[in-house]
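Visitor: What follows is each chain in one-letter form.
Number of protein chains: 2
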Amino acid sequence: MPGKEVVILRIGHRPERDQRVTTHVGLTARALGAKGMYLAASDKGVVESIADVTGRWGGDFFCEHNVKWRAFIREWKALGGVVVHLTMYGLNLPDVIGDIRPHDRILVIVGAEKVPGEIYGLADYNVAVTGQPHSEISSLALFLDHLFSGTELAGDFPGAQIRIIPSRAGKRTEEM
Amino acid sequence: MPGKEVVILRIGHRPERDQRVTTHVGLTARALGAKGMYLAASDKGVVESIADVTGRWGGDFFCEHNVKWRAFIREWKALGGVVVHLTMYGLNLPDVIGDIRPHDRILVIVGAEKVPGEIYGLADYNVAVTGQPHSEISSLALFLDHLFSGTELAGDFPGAQIRIIPSRAGKRTEEM
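Each protein sequence line maps, in turn, to chains A and B. Take any residue in the first sequence, note its place counting from 1, add 7, and you have its number in the numbering used here. Take any residue in the second sequence, note its place counting from 1, add 7, and you have its number in the numbering used here.
Do not take every clue at face value.
Heads up, the list lumps identical chains together, so a pair's fine if it works in one copy or across two of them.
[As the list claims (entries may be wrong)] DSBU-like mimics (lysine-lysine), calculated; alpha carbons at most 35 Å apart, straight line: (1) 84 to 121; (2) 51 to 178; (3) 178 to 75; (4) 42 to 84; (5) 121 to 75; (6) 42 to 121; (7) 178 to 42; (8) 121 to 51; (9) 11 to 51; (10) 11 to 178.
Calculated from the structure, these hints are not laboratory results.
Let's have the full structure, built from the sequences with the hints guiding it.
Guide: Dropping the structure here:
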């Protein structure tokens, strides 16, 4: 989204078990206005899947793996960025999104099942999307949608090879 | 949510490959105000996972498997319910949610990769959450949040054995 740099840091990813969910996290981030995803694990499969989508569907979303999360978070904060950690234990989204929205550089930490306790202290905001167990994918989607106030739903993806022509029924696409 | 009956129909589920994603679909539906999920496949694992969460975290969300989707959709419509199909090929969420919101009985079809073409014709609304590829989990989350206008984020789950006490940092829970 113009004027805001929102990036995802995915931690706790286990290469076999989490590949599909982490790919969904990355594609959700891309579709809903984030600039890219850093993966704190080694998984070329995720990087390639997301690069394939970006190549075909446009925009310049990036995905990097092998990121050292602790050093990365510290550097992000040192450069003036804010850190949001999505966790069911945090403060509820509607209660904190107004405080987060004015920030221009936002790192969103999306954990898999096991998140080091240190993350809670490093984050400027621990944010819950309801205090119920569901999915990091839906939490990220709602966080981004509330952050961008829905404007990201009409996002633009320049350089696409293909785009969908919205239809009442059926599938219509246009090759560019 | 009071006054509205929203249920999910999950189709195209393949028991080995999709168990985790379908469970995330069900838990997202539960956390965000739907009443239950019908699964058009045989998968006791999904049913049990969701029942475990409901037993511990409260509310009366249900999950049934072995549902015949064609007969189920026809019956839903015959009884006056409306059918929404989430698909990237549909009309964009912000353009149609205002037409859908007045309905009281809403069936939301959430497909996995392969969805029979017939579904597009059976649906009253084919709805896209952006025309970009991402995740059926994030699509469902945004659909429910826009349908309920965010009120579901403060949802109540009576009969819980455990609940989270929202915290700025750390994990606090309360056993009931």
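Visitor: Does the structure break any of the earlier hints, and which numbers would those be?
Guide: none
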